[in-house]
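Below are the chains, spelled out letter by letter.
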Amino acid sequence: MTSSLINYTLHLADNSLVLGHRNSEWCGHGPVLEQDIAITNISLDLIGQARNFYQYAALLTNKENEINITEDSFAYFRNSEEFKNILLVELPKGDWAQTILRQFLFSCWQNLLFEKLSASNDQQIAAIATKSLKEIAYHLRWSSEWVIRLGDGTQESHMRMENAINELWSYTEEFFVPATYEMEILNNGVGTDVSLLKAGWMQNVGKVFSEAGLTIPSLTTIYTGGKEGRHTEHMHQLLSELQSVARAHPTATW
Amino acid sequence: MVDVKNISVDHIWNMLKDVPDPEVPVLTVQDLGIIRDIHLRDEVVEVVITPTYSGCPAMDMIAANIRFVLLENGFKNIQITTVLSPAWTTDWMSEEGKEKLKAYGIAPPNPRQQVCNNELFAPHEVVQCPRCNSYHTHRVSEFGSTACKALYQCDECSEPFDYFKCH
Chain A
1 MTSSLINYTL HLADNSLVLG HRNSEWCGHG PVLEQDIAIT NISLDLIGQA RNFYQYAALL
61 TNKENEINIT EDSFAYFRNS EEFKNILLVE LPKGDWAQTI LRQFLFSCWQ NLLFEKLSAS
121 NDQQIAAIAT KSLKEIAYHL RWSSEWVIRL GDGTQESHMR MENAINELWS YTEEFFVPAT
181 YEMEILNNGV GTDVSLLKAG WMQNVGKVFS EAGLTIPSLT TIYTGGKEGR HTEHMHQLLS
241 ELQSVARAHP TATW
Chain B
1001 MVDVKNISVD HIWNMLKDVP DPEVPVLTVQ DLGIIRDIHL RDEVVEVVIT PTYSGCPAMD
1061 MIAANIRFVL LENGFKNIQI TTVLSPAWTT DWMSEEGKEK LKAYGIAPPN PRQQVCNNEL
1121 FAPHEVVQCP RCNSYHTHRV SEFGSTACKA LYQCDECSEP FDYFKCH
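As they're listed, the protein sequences go chains A and B. Everything in the first sequence is counted per our numbering, starting at 1 for the first residue and increasing by one. Everything in the second sequence is counted per our numbering, starting at 1001 for the first residue and increasing by one.
Errors might be hidden in some of the hints.
[Said to hold, decoys possible] Listed next, the in silico DSBU-like pairs over lysine-lysine satisfying Cα-Cα at most 35 Å (straight line):
hint	chain 1	residue 1	chain 2	residue 2
1	B	LYS1017	A	LYS134
2	B	LYS1098	B	LYS1017
3	B	LYS1076	A	LYS63
4	B	LYS1098	A	LYS134
5	B	LYS1102	A	LYS134
If you're looking for bench data, these hints aren't it; they were derived computationally from the structure.
Take the sequences, apply the hints, and build the full model.
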């Protein structure tokens, strides 16, 4: 039970950290100042969520093994095959349309997932989820509005949204395919059956897409495996940047 | 320096009343409702704090400042505990804190019931300009210089200002 709970907590942390990192790549490069600030604020929220989950995973790990690791051990000193984030969040940020669409698809899922987790039997997971939901409400509203603005905007912005959908859609099925550890903790009332979130997610995405003049494509290819540590080549490049300072100066403090 | 053997919890609250928020220094951490509880057992003082937003980068600094004040006052056994539940809300901000914010040039949070609206493209919250008191203002961005603020501008006096958004 404990090891699957740790793995599950790391999965939640890794999703948020990796997407937070990808969004942070816009810092100083956003299309306009206000939206640069918006996307980096969302990064900050996501990295904050990740820290809360990592701290909890460290607490559980230390109790189990009588060692003394910290949140940093997880973020900076694991290799890509140890990360349990879904593949969607590690893909390059692409253009603004792709960044917006990914944030929207993710927030829509995270919102449904965290609503379930806020009633988890695990009190700390419930507390982190409840706190995060207040921030996710902003992310979801902001990204939904942008999907509509771009989808229903100019010919160019509409085309870019369609390209983004074609690029990302095959990665969304992983939201709803449980990893081994997710199934293991289900019996303890800690997590939730993610396959049951799909109907609500499709409905919410469909509503925003129809307002944006976009269509949900048919699912032809499915990419999964991130939850179990099988990542795309982009993950190595992302981690080499994210971890470079900590690995070059492993004992540094400030 | 106080005699930590004969001190009350009320006295410790009072001791910590001037610890500032590092990002909005006009507010104290008590104005914000960040200190949730103080326990005292056998000369061990425990201060329970909660972050405003998950990613608030000021929490380590706040914990360090609290520890520093307690050390200065003679405490040796200090424990700072972070709790996440119940989640922080701007409803916990003191009235005095709201007045201080406004005087500083930041519009204080509106009562929460006004903004629990997750509809898309909903009309923006009406926020009063902290400079000229006009309600004729518009939102520039829902996200601002820190996680807890949004950017507004006054249409009467043209003042751009931060709004401490309700959460």
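Worksheet item: Hey, LYS1017(B) versus LYS134(A), does the alpha-carbon distance stay inside 35 Å?
Response: This hinted pair holds, its Cα atoms lying about 28 Å apart.
Worksheet item: Going straight from one Cα to the other, do LYS1102(B) and LYS134(A) come out at no more than 35 Å?
Response: Measuring from Cα to Cα gives roughly 24 Å; hence the hint holds.
Worksheet item: Given the proposed pairing of LYS1098(B) with LYS134(A), does the C-alpha separation stay at or below 35 Å?
Response: holds, 21 Å
Practice prompt. Could you grab the alpha-carbon distance between LYS1076(B) and LYS63(A) and see if it respects the 35 Å cut-off?
Written response: holds, 26 Å
Discussion item. Tell me if the straight-line CA distance from LYS1098(B) to LYS1017(B) falls inside 35 Å.
Written reply: Given that 35 Å is the threshold and the Cα spacing comes to 16 Å, the pair holds.
The earlier numbered hints are all upheld by this structure, with none contradicted.
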